[in-house]
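A.B. asks: Listed below, chain by chain, are the residues.
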Amino acid sequence: MNIYSRLFSIAAASAFACFTNVSLTLAATEAKPVEIKGEIIDTWCYLSGVMGGQDAVIGTAHHTCALWCAAGGIPVGVLDEDGQIYMVLKLKGEDAVAKSDNIMEIQSEVITAKGMHYVRDGVNYLIVEDVIASDGITNFNHEDYGSVPPNSFPKNFLSKQ
Amino acid sequence: MSILKKITFASTSFLAGIAFSTSVSLAEDFSAGSKAKEFGLEEEVKSTFSAKVVDLLCELTGDCADNCGDGNRHMGLVRDADNKLITVLKNGQFSFNGPVEDLLPYCNKKVDVDGLMIGDPEEFGTQFYMVQLIKEEGAADWNKANKWTKAWAKQNPEAKGKGPWFRRDPRVIKQIEANGYFGLGHEADVKYAKENQ
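Protein chains in written order, with numbering that gives the first Met the number 0: chain F, 0 to 160; chain R, 0 to 196.
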């Protein structure tokens, strides 16, 4: 094969790879059964950095803000021990997760969930079929960070009691 | 180099160029022409593109609901340019508002959107979207993606009052009354206040 034939082959292979890549993204998303342990988090504050570093926007420090975001319909995620985030799309048969009280009930808790895992375009999505265990809230980081943001804990709290 | 070889080389280079540019276009830059406001967020990039509005559950699993779940399900965008499913986390408002109320009127329709891609792609493998402006594909005028708070007020007439919605929201109030501001109960709140206020 001469140099021009080789170059042509490389170009054709590259073009094929590109189009194959496109066609793969067109394929249906396949699911895999999983068991995931992680903390229920507010994805917006964690990913955007709007309230500060990641260590401050999880756990007790961020609990109230996480409730605000969940009530606001911002997707809730499970942050596992490897730092992977799974966007929760369904919780125990309830698909109304954009307005779910049940998901607010477990906000900031470390749960073990069984369900179906979908990956598309780099994002992990989770259909939670069952929450098989909860360790409750385990990250008491308000001891280090206070409330994040500060106005998520009332000023003059004691005088209002 | 003979004329035949020159033609062959030029053709080969052209094909290689197409392949490379296709690959690069999949890595994408959709910032041209964006009028999105900057927020100073993690790795934020202005991004305007055409897309189809989808119910995420339906798109991923085939479990579809009428009208994309009527506001109860999370929604996303399938971008025309590369068929990439974009997870939309936020609308253009400042106070903890998701995107569903702004996307819902366009369920399964083609739209143009403008906003910000955010998040560290090296850490998370992708970025996520904050939609600030939306319109039906090809329409002249943009609509601000700021419907959430008005929709909340309509759905929660009993919560009418002064102050931001999230301090009056019955669902938030219920959780805080039950578990406190840190989720650890009322005593933990009292202890924190005594030590810090």
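Hints are computed from structural coordinates only; laboratory data are not their basis.
Hints may contain errors.
To be verified - Below 27 Å or equal to it, Euclidean Cα-Cα: the simulated DSSO-like pairs (lysine-lysine) are:
id	chain 1	residue 1	chain 2	residue 2
1	R	193	F	159
2	F	159	R	173
3	F	91	F	31
A.B. asks: Could you tell me which of the hints above the structure violates, numbers in ascending order?
C.D. replies: none
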